[in-house]
Every structure is written in structure tokens, then in C-alpha cells.
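Novice: Let chain A serve as the given structure and place chain B on it in line with the hints.
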Amino acid sequence: MIKNTLKINILFILISISNISICQNQTIRLSVRTGGNVDFIFNSYKKFDQGIVYTDYTKLAVYYIDTNNAGNHTALTHWKLDFKANSANIEGSSSNLDLRTLELTATDGGGTLPATYLGKKGLSAVDVTLVNAGPEGDYNDNLINITYDCGTNATYKVLNKKSDYFIVDIIFTVISTP
Amino acid sequence: MNIKIKHIYILILFFLVLSFKSYSQFFYSNLSSSDFKLEFLKEHIEAKANTSFFNVINIKNKSENKVHIQLNLSIPQNWQLFCDKKQLLTINPKDSLQIPIRVAVSKDVKGDIGYSIIASVSDKKGNLLKNAYSFIKIPSESDLRIQAISRVEYFDQKTGKAPFSIKFINKGNKDELISLLFTTDRTLSMPNSAGEIYSTDISLPPHTDTTTTFEAILDKSADNRDILMHKINIRASTIDTALNYTVWFKNLQYDFKNKINEENKALVVELFAQNIFSEYEPIYSTNIFGTLLLKKNRNVYYYYRNQGSKTKEQLFKKNRMYLGYSDLHFNIRIGDITSNIEQSMYGRGFEASYKLKKHKIKLIHTKNIFSPVYNSGLKYDFSVNKSLGLNTGFAYKKQNYNKIESKLGFIGTNFTLPNNHRIGTMFAFSDAFHQYSKSYNKQGYGFGLNYSGLIKKISINVNSKYGTRFYSGVYKGRLDLRGTAKYSINDKNLINLQYNNYRNNPSLYILDSLLPEKYTNYQEYRLQYGFFMNPKTFFYSEPTFKIQSSNRFIPFRDADYFSTNKIGFRLGIRIRGENSYNSISPSINFGFTDVTNFSSNFYGINNPEIKNISTIVSQEYKINFRRKFWGFLLMYYYGPRTLNEEFTYFYSRQFPKTLRIMPYFDKFIYKRIVKLTTRAGYANDIVTNTTRLNLNTQILCHLQNDWTLRLLNTYSIQNRTDKETGTSFNYSTTYYEFSVKKEFNFNQPRVKYYDFNMVLYKDFNGNRRRDENEPGVKNVLVEIRRDEQQIGDQNVNVDFTAVDLLSDNFGRISYQNLPIGNYTIVCRPMGKNQGNFNLDKNTYKYTVEKDMNIYLPFLESNKIFGKIVLNRSKLSNLGDIDVSNIRITATDSHGIVYSSLTDKKGNFVTFVPNVDRYNVKISNIFYEHFELQQNNFIVQLNGYKQFELSFVFNEKSRKIHFNTTFDFNQTLDMPGVKIVRRTSLKGTIKDATTLVPVKARIKIVDRTNNNVVISTVSSGKTGDYFVSFVAGDNYDLIVNADDYWFHTENLFTNQLTTFQNITRDILLQNIAVDSKIGLKNLNFEAGKADLKPESFAELDRLLDLLKDNPTIRLEVDGFSDDLETLDNPDISNERAKVVVQYLIEQGFSNVAYKGFKNSKPIATNDTEDGRRQNRRVEVVVTSK
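The listed protein sequences correspond, in order, to chains A and B. What the first sequence shows, in my numbering, is residues 25 to 202, in sequence order. What the second sequence shows, in my numbering, is residues 21 to 1204, in sequence order.
Pulled out of the complex, with its shape left as it was, chain A reads as follows (with noise of 0.2 Å):
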């Protein structure tokens, strides 16, 4: 029987845009529509054993608009989507959890236009990429859902962790590209 409650609380709060300050004539913007924060609470044997999973949990829509396809600065017609997380663990209080319990994976939203989703990442302290060859389009045009698999990846369990609430903050940032 488990007595006690293994929460993982993930939170999500920082949207950096690395390159807005040079690029002018672009408007770029990340909107996180739900789903800004999520709580993972694990209180059954099934769910430490096989993981949560939350399905398109949370939705982000990317307004993306490059005006300057002259000058000296190559055109940056599309943007692809980073993430990673702002500390090497996910926090505890008295032990942490390996990054990599928590995997995400960026799928179309229903937006109009389409990108190229690059599948299942593990969570990193440096930025791994979701989303490549993002077009430019209104909120509307790019909708980004993310699914969260936390616990599911066999090597990264948290069977035997000691209950405890983990926070960690998850950056997304988008970046111009060519």
C-alpha cells in the first residue's frame, strides 16, 4: 500500500524569445494558451510503475512574422522551438529526480500551416529542439500541443523515490531560422 504521495509538480513560466532584441523587422511571439502548469501526482502502484502520461496537455500557438528578407542578415523565414529545463534536476527537497523522468513531445495543434515535429525529447539543462522549420503564420496558423510521458521511460522510473513534491520551470523558447 503507498502511503504516501510522490507529487511532481512541473511549472511552466519563462517564454524566452533569444533574438527578438536584433531582428527588427521580425514579431515573434509564444503564447502559452493552457496548460501552463501541470501537476503529476502519483499515488497508485500503476502509475509509478508505468508512468503518467498527459495527452496535448499543453497548447502553444507561435506568432511568427519576418518583414526583412533583404539586407545583410540572412532571411529567417522560419523558427523552430526549444526547450530545456532552468535547473539540472527536478528539485526536491531532499533528493532530486533525473532530468530525463519527464519527456516531451510536440505534435500538431490544428493550426493551418504545417512544421516539422521531431518526436520524443528527454527534458535537458541545455536546449534540446521540439520543433524544426516552423512557417511564418498568425497564432492561429502554428498551434503546438505538447504531451508530457513522466515516469513512462524504463530507465527513469520513480519507483522507489521518496515522496516529495520536484518542481522544475521548463523554458520554451523560439528561435528564428533560415
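I should point out that these hints are in silico values taken from the structure, not numbers from a laboratory. Predicted model, so just to flag it, every value in this text is computed and none were measured. Honestly, I wouldn't trust all of these hints.
[Said to hold, decoys possible] In silico DSSO-like cross-links for lysine-lysine, where the CA-CA straight-line distance does not exceed 27 Å:
| # | chain 1 | residue 1 | chain 2 | residue 2 |
| --- | --- | --- | --- | --- |
| 1 | A | K71 | B | K382 |
| 2 | A | K185 | B | K1174 |
| 3 | B | K925 | B | K870 |
| 4 | B | K772 | A | K70 |
| 5 | B | K924 | A | K186 |
| 6 | B | K566 | A | K145 |
| 7 | B | K887 | A | K71 |
| 8 | B | K86 | B | K105 |
| 9 | A | K104 | B | K1127 |
| 10 | B | K279 | B | K772 |
| 11 | B | K285 | A | K70 |
| 12 | A | K181 | B | K476 |
| 13 | B | K965 | B | K976 |
| 14 | B | K144 | B | K57 |
| 15 | B | K965 | B | K883 |
| 16 | A | K71 | B | K315 |
| 17 | B | K337 | B | K423 |
| 18 | B | K566 | A | K186 |
| 19 | B | K782 | B | K925 |
| 20 | A | K181 | B | K279 |
| 21 | A | K104 | B | K279 |
| 22 | A | K104 | B | K387 |
| 23 | A | K181 | B | K477 |
| 24 | B | K512 | A | K185 |
| 25 | B | K427 | A | K145 |
| 26 | B | K251 | B | K187 |
| 27 | B | K187 | A | K70 |
| 28 | A | K70 | B | K279 |
| 29 | B | K1174 | B | K1108 |
| 30 | B | K1019 | B | K1127 |
| 31 | A | K185 | B | K870 |
| 32 | B | K279 | B | K240 |
| 33 | A | K71 | B | K406 |
| 34 | A | K186 | B | K687 |
| 35 | B | K462 | A | K145 |
| 36 | B | K477 | A | K185 |
| 37 | B | K642 | A | K185 |
| 38 | B | K285 | B | K251 |
| 39 | A | K71 | B | K337 |
| 40 | A | K145 | B | K387 |
Specialist: Same frame as chain A, but now just chain B:
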């Protein structure tokens, strides 16, 4: 003459003087208290209950005379003195006496009370001369215990009340005033309580116990269904003791609806309307999924979700879908695949895997739906044994849009070394063939190493994976290395050392042109020391050292990079509440950052003014507060935290200060139907005057029949104020999403769910059917457990929750959606609501294969009742006898025992459930003084519901047993020994016909030796006689008179007392023809004609009479009883013949004999006593 007179006078005087001296020694009228010294050797003694102590009384006669005094000792009530309380003492002049005494302290003695032993000396007249005291101190002992009659109580569902009883036991020796303080959970209250506190006092004498009942009331206004256990802490305080105790309460329902997980349902449909109420066009989408649970553990599963598709093409393209089949070995899935085989296989296609005990193979082939990218992969796992596993595989990717074709092969192993060292390795090689503008190959490598093990109590764990820049696998250009070493110093102290190294520098192509390297490196060393102050409080300190570098900054040239070293120190504490949901975790973090590398070239312009800066100090404060339904995360950042912020501060001097507050609320706000979930994020960047607020609210309505409505709203607002112009900018977005979900609970081939209803009722008429007038039984605890042994594959993927339910006022129990299978139901009545009604048994087995409605009758118990009867002896000295709490047991034919205790009056009632045969016994605790007339009553309850019986105890007679070797004559000579029993016999002797007094000779004869004990002669005038003699058990009284038949009888006096008076009035029969004399001692054993020794004495007395009357002719008549006559009809004849033979042998031959068989009985033949009287011989005078 004168002289003579004078001599006489002197002589007399001398005599008087001598007499006076002698007299003065025996008369005490002149004794005074000053003549004595009376004292205890120990004036103060400390003793405990049930122990004895020793002391000596010292009496000194200080006078010149020999004195005779009486010593009186007085002790407290119920104490025991091991010597005479009154003693006559003689003490010589100037002499002393030491009198030892031993006193036993009563078991019921109280502590802290002064006790004393008083010794007093008095003269013979009782005049008190002197007192002395010995004071006994009894140390107070406190031994107070409290215990609940039941540790877990259950609330009545209707009243919401739960009575609970506490037993207080005072085994100490002093009065205890117990102050009780009840502290209840917020969900509970007690009558007359002030909030969550209730107090009362109880006074308890020593060596007693009491049971007091209190009442807990559940706060019904709150939703307490999620709270499994409520509790009341009881603190019992006395003047020197404090005890804590906890009573738990459960609030159980009579009904439970089992939740079937979505993945085990055949069909779930959810319709979404996204983006509603906004400037953008709404998006409507559908989500359909389900799993068909087929027999033999086979599953068919499917998922389809479109994302706002409007055209046919979009219905296929812009959706997520898959269809799969799985059993114990196979898993085939067609549709969208997200798995990896070292390389991303993301796309639409198929995935197939086959699994055996040692082998596992997986095959994937997909195509990206939006771009011409093809993926194929194969992976094979081989488990050689438990300690060794191998894997290998191949992945292929073809990207048509930039004409890159990559192949990847890998091989790996995992093995376990002795002492449980686990190691996993992987090596991969990839080759990418580029042919967009020119043809060339790029090779890459991938490595992986995992280790876990224990080295000298240090738990080490390493996970690492690395891929070179041109590796085509998922870890292209990426390193993830995480190593931890944990050491637990003891249960409370632990050390954790961690090293992290993350790098990312993948090769990126735009079509066929390689982009410049963009990398980020992150290294961290972390040493954590943790200390459990108590099980709920954990303190930790954590120094860190971090190295970061990156060239991903746009102002930089490709070769420039920005790097920092940061030393950090973190202190934190986590405090958990009694409820596992509650915790608070504050922490502070200080950071000292040094920039180790930067570029003076910014946006392509060399700026020598850009110089390094001093150490950047940053601070971070964080509180994570969690309760069950709400909580918040509060953070305040002072200074740059990330490499990006450090970069910004270095080049623009913007020192970030940010406040973040993230509260949440998550609770059912209307019954168990409407649930509100709200999460907010508030961030205020103090430097840039930027405020971000994100409010996320979701309302979930769980309707009947598994309908769910969901309304989701996200409101975001960003406000920024330009410091220079004072202009404010506001950006806000509002997002609404609404969905309807319906879960269909179709029964599936493998798993079916049924409703299980039960009604517990009182079966008044015993017909085992629920009739209208028969009420339900409330508060019966019903445990529903699924058996391990199931039919077929029903134990696979079955949603079952074991629950405890409590029957309601109607006796109902309801479990909805109980999976098909075998179950054990355990019923346990709580409280006394069921009265005299019981279930046949407590455990029932059911196989649930359909909706079930079960009626369980509580049958009226059969009652065995009665009482204890004590037949007391008149001579008893036992006093009152407590007949309460004596155990009565009834054991049925299966050996099951039902028992009860008697009440104060000795009455008992034992309820037995079954119509059976019971053996009823009593625990004979009176065996020492009483004989139980009958134990082991066999009660056959067959048609009778009640059976009464009594246990009769007869008090034992007290006998004084003398030693068999007791020499009575010698004893008489022994000084000081007295004859303890004496019998006085008196009466009158008269003629039986005329009642004229007769002068007769009376003798008491010891039958054992035929000796005359005493003899006398009755008065011829009055016929009175009187004799007194030493009592004996086997004496005969013999009366002889001339012309009369002699009279003889036994004196079975069974004398217990010292003196006994017996009266015997005797009528003598005149000797006449045809008169007869019953020889009373001539009785025979059944079937025998042998004369007993005492019979010879009887016949000798007859012979003495005949000697004086030689002319008498006799006839000896023999008789027998009915029983022996059947076997031996001539036995009466033989008896008469034996008597005649003896008479002839002794010289009297004028006799005849005759046998009358059983023709003349003098008593009934139905009893043995009667038959014994009938086995006799009579003598009849035939002539005189």
C-alpha cells in the same frame, strides 16, 4: 498467758504482711504509666500493599514489682496481624520484654494516608496504662491506564454520531482526579465542546476502573468523503501523570461507485470547442478512443483525434490516430508513432513488437505526414539470463526535401556483476549520405553508459549518453551526464554528491548547407547535506558550483562565447504536517557569479569599454506551501539566475528583480459533482516594470452516467511601463475551451461490470425472506474483497477497489461496477443496533456474474438463560459471595464457543445463533467451597428459541478429619488436648401397646469392636433415660427389657459440633406369639446372603435374649427385593437359612425358617434404598 497471746498476735501480723506482699503482685490498682516503658523498635516504617513488615515492641518494667499486664495491638482495617491481638504478659521487676510482631498490609491500602500500629498496655481491669505508635508510610503509587474499548469507531450515517467508550483503570493506590482534554479534528466535534476542544474530569478511587462513554459528532456540512480517518486525541492528566491516547473514526458510506479507468472502456467520446469567445475562429475537434478487452488477454485499442479539421484531407492529415492490437506476445500499432529506435521514428506508419521470455523484437516504419521524411527501425533484445542482456538494432531515415539519407546501427548490453553492480553500455555508428548539391558522407558515433551499485555504503548512480555532432541519432551533438553518490551516515543524516554535465551542439543544415556551431554547455557540482530533525522535518544545505558557457547569443560572432562560474549556497527546510498533504518548504539560495569569458565585439563592433565586472551576487527566496485543496509557491529573485540573465546584466546592467506568486485551488465545490481547479501565475519584474499574470481556471462537472462537462479558461495579461516615457503597454489574451465527454460502460468480452446490492435485515419470522415489515440493520461493516483465485483471465486489467461500506438505516449496501469474479464479503455489526439478531456467519463467498441483489437475514438469536443458585450452609463463615462476572459458555457441535458473563444477581443470557445442540458449562470458580450439582447441560435448540437452566452450587460441609493413627486414649492423657465432640442421648422407654414406662437396660455399643461405650437404666416410673458419651460415627443403641423384644438402632450422628443432643423415644414390643422383630442390622447386598460383621452382633443380642427365654420358638423369615428375585428366586430362603444356621451353631435350635421371596415388601422396590430395606430377615415368635 500474756506471752502466749503476744506470740499469737505477732504470728498473725507476720502472716498478714506476707499476704500483703503476695497480694500486691496480683492486683494492679497501684500500677502507673511511669512504671512502664513501651516503645516500638521502628517508629516509622515504609511498606507497600500486599507485603508484610516486622517490628518489635519493647516493654520495660521499671518498677520494683513483678507485674502482669495485658498488651493490646491495634492495626488498620483489613490488615493482618501474625500474632494475638491481646496478650497477657508477666514482667519481672526491672526486666524487659521484646515482643516481635509481623503485620501484613492490605492489598487495598491507599497511598499518601497515615497508618499506624498502636500498642497499648492495660491492667487487668482494662485501665489504660500506656500507648505506643508505629507509623506506617505507604508510598503513593500511580498506575493509571486508559484504553478505548475499540480503537476505530464508525459514524452512524443518519445521525453522524459515533459513541466511543474509554476505560480508565486505576491500579495505583491513591485517588486519581483525571482531567480529560479531548482535541478533535476540525471535522469532528463533541457535545458541549468549545470548538475543537472538550474537557471533563473523572474521579477514580484506587484499585478501581470505570468505563465512560463519550460521543463524537461529524461535521456534515463539510465534504469529508475524502478523509478516510478522523481522530480525537485524548489527554488524561493527573497531578503527576499525563497520558495520551487516540481514538480513530471512520465515516463510511453505504454505497460506492467503482471508477473504471478510461483505458479499460470500449468507447470514450469527447467533443471540444476551443478558442471560443475570442477574436479568432473557434476550433472544433473530436476525440474518440477506447480499448476492446477480448478474451485470452487480447486487446484492440484505438485513438482518433482531429484538430479542427475542415476538409477531407485535414480529417486524415491534421489529426492523431492509431489502431492497435496486443496480447501477451504481440503488439501491433498502425497510425501515429512517437517511439524512438535510437533515432526518432516520429511519423505515421506502423509499429510491431513480439515478446517472448528471452527475446523481444520491435519493428517500426513511418512517414512524416507533413514532409517527405521516411523512418525505419529494428531493435532486438535478447535476455541471456537474469544477469546479462544484449540488444542491437538498425535505424534508417530518408529526408527527401534535402536528400539526406542516414543509416544507424547500434549494439548494447546490460549486465549485473556480483554484489549487484549493474552496468549498461551502448555503442552506435551512423553514416549520413548527403546528395543535395554534392555527394558526401558524414559519420557519427553515439555512446551510452549507465551504472548503479553500492560501494562501501555509498550508492552510486551514473546515467550518460553522448552523440557526436554528426551523429544522426536522437543524441546528435548532445551529452547528458548525471552522476550521483549518496551516503546515509545514519537514519537522520545523509550526504548526496552530484555531478551534471549537459552539452548540446548538434549539426544543423539548411538544405545542404551546414550552419555554424551553436552550443550550450552546462556543468554543475552539487553537494547536499540533509538532516532529518524528526520524521516530519528535514533540513538541508547545498553548496553548488556551476560552469556555463554558450555562443548562442546573437550579438556574438561565431567564435565568441560567454561563460560564467557560479558558486551557490542553498539552505532549506521541509516541514510536513500530520496530514501527508500538508507541507511547507522554505529555502534561500545565494549565488556568486564571475564572468570567465566574454566578447568585446558586440554586434560586430569592437568596444574596448566592455570590461569584466566584479562578482555578481544573486539571491533567491522560495516558499512552497501545500495543503490538500490549496497552496502557493512564492518566489523572489534578486539578481540574474540564468546564463541569459547574466549575459543581459553584463552588457546592459539590467539587474533583474522578480516576484512570482503561484497559488492554486483544487476542490469539489458542489457535492461530488462540480470541481473547480484554479491555478494562477503572477510575476513582477521590478526592474523592467513588467507584470505578467496568468490565470487558469477549469470547471469540471461529473454528471450521471459518466457524462463530463469541462469549461477551461486561461486569462493572461502582461503589463509593462516604460520608465522614461511613463507609457504603459498592456497585452492580454483570453482563451476558452469547452468540452463534453461521454464514457460508455459497455460490458466487454473479458471484463464485465455488475452492480452488487445487499440488504441486511432482521428476519422476524425466520423464513429467510425479506418481508415488508422486516427492517434493515444499520451500521454493519461490510468489507468487499476480490479473491485471488479467479476464473480464467479475469484477474488481468480489472478495475477493482477494495472498500469498506457501512449499511445505512435501511440496511443497504451498494457497490456499482463490480468486476466479474469471485468475492469474499465480510460482515461485522458495529454497535448494538442489531440487538438480539445475528447473521448465520460473518463471511460469505459470491461469484458475481450478473447484477446481484442479496438479502442477508439477521436471525433472532436463540437464547440460553438462567441463573446461579447458591445453596449456603447454615454453618458457613464465607460471608457474602459475589456471583457476578462468572463465565457461561455454550459450545455448539462444531466447537464454536459462545459465552457470556453473569450479572450481579447471577443471571446470565447467552445468545446462540444456530438451531443446534449446545453443551453449556459454567466456570466453577467456587470449587473450593462449593460443589456444583450439575455442569455440562446439553441444550438441544430444536424449535425452542429460549432455554432456561440453573447452575446449583451446594456449599461443602466442613469436616474435621482426625489422623487415622490417632491414639484416643493416649490423646486423653496428653495435657492440653480436649475431647472436642460429645453426644448427649436422652429419651423415654415405654411399652408399645400400653405406653406404660418400662425399666430397661440401655447400652451404647461401638459396632466396630462390639465394646460397650456406656450403659444406663431407664426410670421405671417415667421411662426417662440420659447418657452422655464421646461421639462416634458407628455406634448402636441397644435397649433390653424383660418380656420385651430388644430394640436396636444405629446412631449415625455425623456429629460436626462439639456438643450434640439427641432424643430417642423408644417403644418396646412385648414378646407375644406371632409378634415379630425386625433385625435392623440384618440387611444384605443384592443377590447375596452373606452376613455382615454387624449382623453377627445383632444376632448375638438375640441369642442373649433367647437364653433368658429358652421356651420361645422362632421362625426366621427371609425376604428379597423384586430385582434380585428375578435372577435368584431362592435368595430369600438362603438368607433365612444363613441366620438359622448361626443361631443353631450358637446353641439355639428351637427355630425354623422360611423364604417369602419378594411377596412382602416393606418399602418400594423402585429405588435402591427401598430395595435395600426389602432385602431383610425377620424373626417371628411362633410359640412362647
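Novice: Decide, hint by hint, whether the structure agrees.
Specialist: These are the hints, each one checked on the structure:
Distance check on the hinted pair: K71(A) and K382(B) sit about 24 Å apart at the alpha-carbon level, within 27 Å; holds. Simply put, K185(A) and K1174(B) have alpha-carbon atoms about 111 Å apart, too far for the 27 Å limit, and the pair is violated. For the given pair, K925(B) sits about 54 Å from K870(B) by alpha-carbon distance, which is inconsistent with the 27 Å threshold. With a CA separation close to 21 Å, the supplied pair K772(B) and K70(A) stays within the 27 Å bound.
For the suggested pair K924(B) and K186(A), the alpha carbons sit about 58 Å apart, so the restraint of at most 27 Å is broken. Using a Cα cut-off of 27 Å, the hinted pair K566(B) and K145(A) holds, with the two alpha carbons roughly 24 Å apart. Among the hinted pairs, K887(B) with K71(A) is inconsistent with the structure: their alpha-carbon atoms are about 62 Å apart, more than 27 Å. Proposed proximity of K86(B) and K105(B) is supported: the alpha carbons are some 22 Å apart, at most 27 Å.
This hinted pair does not check out: K104(A) and K1127(B) have alpha carbons roughly 152 Å apart, beyond 27 Å. The straight-line distance between the Cα atoms of K279(B) and K772(B) is roughly 13 Å, inside the 27 Å bound, and the hint therefore holds. For the given pair, K285(B) sits about 17 Å from K70(A) by alpha-carbon distance, which is consistent with the 27 Å threshold. Distance check on the hinted pair: K181(A) and K476(B) sit about 25 Å apart at the alpha-carbon level, within 27 Å; holds.
With a C-alpha separation of about 35 Å, the suggested pair K965(B) and K976(B) falls outside the 27 Å cut-off, and the hint is violated. For a cut-off of 27 Å, the pair hint linking K144(B) to K57(B) stands: about 18 Å separates their Cα positions. Using a Cα cut-off of 27 Å, the hinted pair K965(B) and K883(B) holds, with the two alpha carbons roughly 6 Å apart. For the hint pairing K71(A) with K315(B), the CA-to-CA distance comes to about 25 Å; that is within 27 Å, so the pair holds.
Straight-line distance between C-alpha atoms of K337(B) and K423(B) comes to about 23 Å, which keeps the hinted pair within the 27 Å bound. Restraint check: the Cα-Cα separation between K566(B) and K186(A) comes to about 26 Å, which is no more than 27 Å; the hinted pair holds. Simply put, K782(B) and K925(B) have alpha-carbon atoms about 31 Å apart, too far for the 27 Å limit, and the pair is violated. Note on K181(A) and K279(B): the hinted pairing holds, with a Cα-Cα distance of about 26 Å set against a maximum of 27 Å.
In summary, the hint linking K104(A) to K279(B) is not supported, as the alpha carbons are separated by about 42 Å, beyond the 27 Å threshold. With a CA separation close to 21 Å, the supplied pair K104(A) and K387(B) stays within the 27 Å bound. Between K181(A) and K477(B) the alpha-carbon distance is near 23 Å, which keeps this suggested pair within the 27 Å criterion. A hinted pair counts as satisfied when its Cα atoms are at most 27 Å apart, and K512(B) with K185(A) qualifies at roughly 17 Å.
For the suggested pair K427(B) and K145(A), the alpha carbons sit about 20 Å apart, so the restraint of at most 27 Å is met. Simply put, K251(B) and K187(B) have alpha-carbon atoms about 17 Å apart, close enough for the 27 Å limit, and the pair holds. The hinted pair formed by K187(B) and K70(A) fails the criterion: a straight-line CA distance of about 43 Å is larger than 27 Å. Taking the CA atoms of K70(A) and K279(B), the gap is about 15 Å. The hint holds against a cut of 27 Å.
Between K1174(B) and K1108(B), the direct Cα distance comes to roughly 17 Å. Compliance with the 27 Å bound is thereby established for this hinted pair. Proposed proximity of K1019(B) and K1127(B) is supported: the alpha carbons are some 20 Å apart, at most 27 Å. At most 27 Å may separate the alpha-carbon atoms for a hinted pair to count; K185(A) and K870(B) exceed this at roughly 42 Å. Restraint check for K279(B) and K240(B): satisfied, since their Cα atoms lie roughly 24 Å apart, inside the 27 Å limit.
A hinted pair counts as satisfied when its Cα atoms are at most 27 Å apart, and K71(A) with K406(B) qualifies at roughly 25 Å. A threshold of 27 Å between alpha carbons decides the hint, and for K186(A) with K687(B) the separation of about 26 Å falls inside it, so the pair holds. The hinted pair formed by K462(B) and K145(A) meets the criterion: a straight-line CA distance of about 23 Å does not exceed 27 Å. As the CA atoms of K477(B) and K185(A) are separated by approximately 18 Å, the hinted pair is consistent with the 27 Å bound.
The suggested pairing of K642(B) with K185(A) holds, with an alpha-carbon distance near 23 Å, which does not exceed 27 Å. For the proposed pair K285(B) and K251(B), the alpha carbon gap of about 38 Å is over 27 Å, so the pair is violated. Taken as a hint, the K71(A) and K337(B) pair is broken in the structure, with Cα atoms around 32 Å apart against an allowance of 27 Å. Distance restraint check for K145(A) and K387(B): the Cα-Cα separation of roughly 19 Å lies within the 27 Å cut-off, and the hinted pair is therefore satisfied.
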